[in-house]
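Trainee: These protein sequences, in sequence, are chains A and B.
The first sequence begins at 1 in the numbering used here and counts up one residue at a time.
The second sequence begins at 1 in the numbering used here and counts up one residue at a time.
Derived by calculation from the structure, the hints in this document are not laboratory data.
Heads up, some of the hints might be wrong.
[Stated by the list, open to error] Residues of chain A clear of chain B, computed beta-carbon distances all greater than 10 angstroms:
1. Leu12
2. Val18
3. Gln28
4. Ala40
5. Gln101
6. Ala163
7. Glu195
8. Val207
9. Glu220
10. Asp361
11. Glu391
12. Arg394
13. Leu409
[Stated by the list, open to error] Here chain A is said to cover these stretches of chain B; the calculated rule only asks that three of the stretch's residues, wherever they fall, bring their Cβ under 8 angstroms from a Cβ of chain A:
14. 8-14
15. 291-299
We treat Cβ as the ideally placed atom computed from N, Cα and C, and that holds for glycine.
If you want the building blocks of each chain, they are given just below.
Number of protein chains: 2
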Amino acid sequence: MRCSVVAVGTELLLGQIVDTNSAWLGEQLAAAGIDSLYQAKVGDNLARIVATLRATLADADAVIICGGLGPTHDDITREAIAEVMGVELELNDEVALVIEQMFTARGRRMPQNNLRQAMVPRGARIIGQRRGTAPGLICQVGEKVVYAVPGVPFEMFEMFERAILPDLLARGGGASTIKSRVLRTWGDSESGLNERLVGVINELEKVGNPTLAFLASGWEGINVRLTAKAHSVEEAEQLLAIWEAKVRDQVGEIIFGVDQQTMESVVLDMLRQKNLTLGVAESVTGGLVAGRLTAVAGASDVFRGGVVSYASEVKFDVLSVSRGPVVSEKAAQEMAVGARKVLQSDIGLALTGVAGPDEQDSIKVGTLCVGVALADGSTKAVTFHLPTGREQMRQLSVISALNYLRQELRAK
Amino acid sequence: MRCSVVAVGTELLLGQIVDTNSAWLGEQLAAAGIDSLYQAKVGDNLARIVATLRATLADADAVIICGGLGPTHDDITREAIAEVMGVELELNDEVALVIEQMFTARGRRMPQNNLRQAMVPRGARIIGQRRGTAPGLICQVGEKVVYAVPGVPFEMFEMFERAILPDLLARGGGASTIKSRVLRTWGDSESGLNERLVGVINELEKVGNPTLAFLASGWEGINVRLTAKAHSVEEAEQLLAIWEAKVRDQVGEIIFGVDQQTMESVVLDMLRQKNLTLGVAESVTGGLVAGRLTAVAGASDVFRGGVVSYASEVKFDVLSVSRGPVVSEKAAQEMAVGARKVLQSDIGLALTGVAGPDEQDSIKVGTLCVGVALADGSTKAVTFHLPTGREQMRQLSVISALNYLRQELRAK
Numbered sequence: 001m002r003c004s005v006v007a008v009g010t011e012l013l014l015g016q017i018v019d020t021n022s023a024w025l026g027e028q029l030a031a032a033g034i035d036s037l038y039q040a041k042v043g044d045n046l047a048r049i050v051a052t053l054r055a056t057l058a059d060a061d062a063v064i065i066c067g068g069l070g071p072t073h074d075d076i077t078r079e080a081i082a083e084v085m086g087v088e089l090e091l092n093d094e095v096a097l098v099i100e101q102m103f104t105a106r107g108r109r110m111p112q113n114n115l116r117q118a119m120v121p122r123g124a125r126i127i128g129q130r131r132g133t134a135p136g137l138i139c140q141v142g143e144k145v146v147y148a149v150p151g152v153p154f155e156m157f158e159m160f161e162r163a164i165l166p167d168l169l170a171r172g173g174g175a176s177t178i179k180s181r182v183l184r185t186w187g188d189s190e191s192g193l194n195e196r197l198v199g200v201i202n203e204l205e206k207v208g209n210p211t212l213a214f215l216a217s218g219w220e221g222i223n224v225r226l227t228a229k230a231h232s233v234e235e236a237e238q239l240l241a242i243w244e245a246k247v248r249d250q251v252g253e254i255i256f257g258v259d260q261q262t263m264e265s266v267v268l269d270m271l272r273q274k275n276l277t278l279g280v281a282e283s284v285t286g287g288l289v290a291g292r293l294t295a296v297a298g299a300s301d302v303f304r305g306g307v308v309s310y311a312s313e314v315k316f317d318v319l320s321v322s323r324g325p326v327v328s329e330k331a332a333q334e335m336a337v338g339a340r341k342v343l344q345s346d347i348g349l350a351l352t353g354v355a356g357p358d359e360q361d362s363i364k365v366g367t368l369c370v371g372v373a374l375a376d377g378s379t380k381a382v383t384f385h386l387p388t389g390r391e392q393m394r395q396l397s398v399i400s401a402l403n404y405l406r407q408e409l410r411a412k
Numbered sequence: 001m002r003c004s005v006v007a008v009g010t011e012l013l014l015g016q017i018v019d020t021n022s023a024w025l026g027e028q029l030a031a032a033g034i035d036s037l038y039q040a041k042v043g044d045n046l047a048r049i050v051a052t053l054r055a056t057l058a059d060a061d062a063v064i065i066c067g068g069l070g071p072t073h074d075d076i077t078r079e080a081i082a083e084v085m086g087v088e089l090e091l092n093d094e095v096a097l098v099i100e101q102m103f104t105a106r107g108r109r110m111p112q113n114n115l116r117q118a119m120v121p122r123g124a125r126i127i128g129q130r131r132g133t134a135p136g137l138i139c140q141v142g143e144k145v146v147y148a149v150p151g152v153p154f155e156m157f158e159m160f161e162r163a164i165l166p167d168l169l170a171r172g173g174g175a176s177t178i179k180s181r182v183l184r185t186w187g188d189s190e191s192g193l194n195e196r197l198v199g200v201i202n203e204l205e206k207v208g209n210p211t212l213a214f215l216a217s218g219w220e221g222i223n224v225r226l227t228a229k230a231h232s233v234e235e236a237e238q239l240l241a242i243w244e245a246k247v248r249d250q251v252g253e254i255i256f257g258v259d260q261q262t263m264e265s266v267v268l269d270m271l272r273q274k275n276l277t278l279g280v281a282e283s284v285t286g287g288l289v290a291g292r293l294t295a296v297a298g299a300s301d302v303f304r305g306g307v308v309s310y311a312s313e314v315k316f317d318v319l320s321v322s323r324g325p326v327v328s329e330k331a332a333q334e335m336a337v338g339a340r341k342v343l344q345s346d347i348g349l350a351l352t353g354v355a356g357p358d359e360q361d362s363i364k365v366g367t368l369c370v371g372v373a374l375a376d377g378s379t380k381a382v383t384f385h386l387p388t389g390r391e392q393m394r395q396l397s398v399i400s401a402l403n404y405l406r407q408e409l410r411a412k
């Protein structure tokens, strides 16, 4: 199966919006074993949309077209598809009724132009709208198919998973279910992971299902994604469980989470399970660790707060750090102890380092000292030498420190 | 002039990287009055790159192709262009020398495959490489032109501005210089700005130069971009100055910065100018305000630090807030006073609010109270009702609070 992607919208060509939909679709299609050879962006121009649809249909089995399904006069994807199909648009009463009910439910009057969204190329199948007012469309064009979905990402995601992927899989004639599991790792490079998993990868290549892919996740480490095809969800889950275990046998200690878990959610969950509270003291990261922990709803039952001791005097006066070098393991430990005391938490976590651009007291840019003060009164510290670049160094500091705390919590 | 964009790389089709280059180019081309009708992504496949180049050249005057200029075997953009031009590749000695010198300067041995980057289609002009090892190319194809640039954004940006844009403008036969100025606003909607600037916009439409565009900047407000075409940099700057003044006449009070300035850099600069230091106390934003301020290199001469008082007891015990409701203007003012005292700063800024998902003590999600304690001992506070969604509410809180402080500093 080959499936191309066309993103519609003059705002995309003008760079007012970055087209992230196509990348997301490319990733989903690849995981399902469907080739995406070509992706295009085209403006709100009927002739050009029609030409692009014809060109992409010529060398693909399917085309997903995103955007241009809204209610305004420049939303003309429906018209373009009808022209490619060689049919008329007609009002679909059921779709119209759903749109009207959506407005009624929100207590709002429906502007008449919303009924444009109920105009459907004759013969097209409807992907019922759930999150927005525009339905998706499944449009047969000879032996091939055009899927139309709204450009709003969260509407598009839902329709792709609910209707398009199953339809593509059915047309492919193979397995009817695809399930992925993402194992999130921190602490090794892609080539390092590849080396450690070479046995598993070779074994997988022989059986061909599931597949394994490495996905860089920016400052968040490397994700190992397993994707299984099967004839039922249960069968897919079983396959994933077997191969997840094999991957964990090799690199289990650097897997910090699965799927939607983040380093911060995992650390908060561990603390919650152990009935421990946390306070942080930050210098180099200036509040980013606290900011990430509090991004998780419900952090308040575990996270007490933080002290951003950016100026040295704040370290001395508020956290009772002894006067002297402030980028050292000793200072980090004292900061952690200070955080525990000032914030009345069970655990203290502290970060001090040099983000640059200039070195500080002859300590190199990229140096990070992390201190942990534990509930039993003991302290620990470690020094990292991180890549430079102020933003990069700070972001890597956040995840390095949280991972260090995670390891300490696991060891206890 | 019409200029299409082709992004090359299988990793783009697989969604491993989001193609932000095309959006950036689209924005730059639009600002220069050059139409971008079509943008495409294609994998590392010679036949498909050639086909895509031919198809895009058919209905554009110029094509910018990004990526595939590196040293490895799957970097085949050079080969594709040579095929479209109908010429051979040949080694360019000058380019080869520069690459060798780059390795020597870094004290590294040059892997031989790097010389692939010195292979150039016969007749192509070189855009000398400055940031990376691969040069750009200007390749005449009949009446039309193909520009090749590396896919690494910061290499591409530099070559576009230095060589491609001037070449495009020269081919267009019009003005030789394009300059933009971005006026960054916070506090009004795009339609509100449009209404207030309707006089300026009408006047501009008559003269046609500069142009004015509104660019939404996510949680950072709306940017008003003026773009002037002229025959010299001085002439362009003069035009921009005249029209910037007219825009400021209408909406000056909500313009917080120009071009690369950010809300945090502006606030830090104002404090520095007034020789004042800042301390913050954060609850709802959990460290994000401090995190943003410290993202600015050199913040340390103004920013003392922060207290993330997430748990109520930290507000009472560390910041000496009186016991009672913690999301109120009174609490925000007390937090600001506490921050000033604990952190020994001239100014205290405090945020307390409800990010959700649930309301807190019957206070609605989206409520933000900001308190400021000034150097003269006086305090002020304000309440915002922000859109909900935990991440959105928190990010809008950061910029709302910083803007409030900016206004207070300006008034003093």
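Trainee: Would you list, in rising numerical order, the hints stated earlier that this structure does not obey?
Mentor: 1, 2, 3, 4, 11, 12
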